[in-house]
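Quick one: dock chain against chain with the hints and give me the complex.
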Amino acid sequence: MNYNWDWGILFREPYFDWLVEGLMWTVSLSLCAWVIAFALGSVLGIMRSCSSRPLQLIATVYVELFRNVPLLVQLFLWYFVFPELLPDDAGRWVKREMPMPALTTAIIAIGLYTASRVCEQVRSGIAAVGIGQRNAGKAIGMNEWQVYRYILLPNAFRIIIPPLTSEFLTIFKNSSLALTIGVVELTAMTRQIEEYTFQGFEAFTAATVIYSVVTFTVMLLMRVVERRIRIPGMIATS
Amino acid sequence: MGDFDYSVILDNLPLLIDGLKVTFLLTFLAVVGGIVLGTFLALIRIAKVPVFSWVAAAYVNFFRSLPLILVIFWLYFLVPLFLGRPVGSFYSVLIAFILFEAAYYSEIIRAGISSVRDGQIAAGRAIGLSYPQTMRYIVLPQAFRSMVPVLLTQAIVLFQDTSLVYVVGLKDFLVSAELVANRDQRLVEMFLFVAVVYFIFCFAGSLYARHLQRKLSA
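So the sequences go chain by chain: A and B.
Quick note on numbering: numbering that gives the first Met the number 0 labels position 156 of the first sequence as 155, and the sequence is numbered without any gaps.
Quick note on numbering: numbering that gives the first Met the number 0 labels position 203 of the second sequence as 202, and the sequence is numbered without any gaps.
The set of hints was computed from the structure by calculation and includes no laboratory data.
There may be inaccurate statements among the hints.
[To be verified] Partial chain A-side listing against chain B, Cβ under 7 Å, derived:
1) V68
2) P69
3) F79
4) K172
5) S175
6) F203
7) T204
8) A206
9) V208
10) I209
11) Y210
Predicted model only: the values in this text are computed from it and were never measured.
C-beta atoms are modelled at their ideal positions from N, C-alpha and C, and glycine is treated no differently.
Isolated chain B, as found in the complex (with noise of 0.2 Å):
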């Protein structure tokens, strides 16, 4: 641990803040991407639309049965297909993402939705408003209120998972410090900082979803 050297982070900062703020980037769009599409999915469960219903559970369950790598991996191959020209990496991995997130966050709203109590449905309904609206405006707004915790441990969750976009190569946090460790052979040192940098984020993330979770049930 003798010869630790400093300067090879301190000497490469913007290139792996460049690459941080991808890794940023990334997370924002797919828990917002992820929340929408886990809200709508939910909806539709908790509606027990007929074969709408079935086909959203599927779609849950199909997903949380993959590794995120093969979700990434089908991303990158079918999106050029579609499209039928070839797009830059960061958007097949940020539809994976939001197609894979969506699954887990839609179980998270489908509980948080369920811990409404039904008196609450009721209520909208008797005073005319339409089940849309009693969603909208009664139902969602308390349900999420009570999920922001929950919500935001898996953002973390989904934080960690971008690291993931290694196996294409976008050029995140952790490829900007594996490209800059594999060029100045300082293995130890760049590992160790983004390990280190992680936690951080992490950990502050965690302490602040906890504190959030004593607020709400105190």
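So here's chain A without its partners, still in its complex pose (with noise of 0.2 Å):
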């Protein structure tokens, strides 16, 4: 094996600048995303273990579908093919005038996919909490929206952190698909000081070390929420 080291790389303009925006490219996509896809995901989370029948028959449509297309793929639906579909002007409009039409339709394409999974666990959440607490939140006499709001979505979301921390660091990880599209974050940023300077190895570990450094301190943190706000007396099971 023939290889020159040369660790100063990352360190030595314009790389270690390369590598700083990347991961800032990577943790705004991932922030922004991480806002759809909690918001969306906790409305179709209810949707889904509500009384309505058509409101659960939507939400149960929507996970079905966002789940079973490869990411990569609804990632090409919304850059090359949603604009076709509309009318022109708005076509042209989401295809080039737009502000930064790469990101921010990376942002809704990773948004919308892992809100079928932020979904997922809401409901799985809500059952945690049990048709007990549900049933006497209406003995008491409040309607279904009083019974989530003040019984079934408190208890729910303090159950799913966990879950809901690994979502949110595959959001972070699959930010990376961007860059399919034209999004120069922390992989691409990484791929061209590669391809500029023939240094793989170095690069490939500054992206590697940087990733696992901001997956472990992630986890760190919501432990320690989880621990602050977990609910007495509960060992949260279902």
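See the structure below:
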């Protein structure tokens, strides 16, 4: 194996800046997509567990559609196909005039995809709170919305902190798919460093370390959060 | 939608089917390799072999913290470097998938093994089987039977993940469709077709997994 090691490359200009910039894009993409995934996923999870048949059906169809098509294919559908199906003006706006078309598309595509996964977590969280709590709420005269607002959701969200953390980390890792439509996030930046300098080892090691460090930091942080807001007396099992 | 051109799909069907074969072959080999390596990792962790258990745990957590695309890039870069000659992207991608998926499979298999009651291990040892024999003939067969639905679900995830070979241009289903799409300027038709095909396979697979799950818990 012939290889010229040069770890210094990572700290030289412009490569160091590239890494920082790539990480910045990865983080902002992940956070924005998470806002969509969390908000929409929560609504869908409530719909799937509520008493209205039509709402259940809509949420179920959504989940099956988004879970059974690869994320990369969904990304291409939003980026290449969706604008073609719109009226001419709107299509052109989505493709070119919209601010940062590739990044925005990636945020929406990854957000909508992850919403289907968050939905399932929220649903199982609500189920874990139990039918007894739901009935108790009804028995004291709450309507369905109040049962969700004051009983089911405050309990469910605390129970599902660990799976939601891993869904967020899934978004963080999946944000690398955005490179296929030209978003130069962390993975794309390291690939670019490899192509410019032929120092693949160093470049990919940098990305590997950054991804791992962020992942483990988020996990530790969420473990603290989980402990602080744990419901006393609950083991949090279904 | 009025000018949806079905003929571009029909005309290129042989090419697309070739791509689909690559996708399926890659999925199959990666599932087999992933389960073998994953079982190995799970057994090491469960047996609590000093140092090795720790290494296996570190392996699993490490790979689970990385994006698959990065692992694909790593192997695409490393494999030819180690062998000292270029190999087709298929092999480097396959190794990437096996290494990556083994981490996920090992967690599933570990949970499956843990769900077998420890009385079974004691019983095996009591009739004179060694620890590896107890695992091989008593624990693993029971564990795997209960894991089939989850393993299948993971295989569906893996089937979807193989689309990421796009980043190294291996001609799987998606890449073949993309080639046609760009050549004939038929992006709408091709990408919708790809989505529908993936959906059919994955949806059917997930229904079957749910059916198996019900049969097990019944």
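Right, here's what the structure says about each hint:
| no. | hint | verdict |
| --- | --- | --- |
| 1 | V68 | holds (5 Å) |
| 2 | P69 | holds (4 Å) |
| 3 | F79 | holds (5 Å) |
| 4 | K172 | holds (4 Å) |
| 5 | S175 | holds (4 Å) |
| 6 | F203 | holds (5 Å) |
| 7 | T204 | violated (9 Å) |
| 8 | A206 | holds (6 Å) |
| 9 | V208 | violated (10 Å) |
| 10 | I209 | violated (10 Å) |
| 11 | Y210 | holds (5 Å) |
The earlier numbered hints that this structure contradicts are 7, 9, 10.
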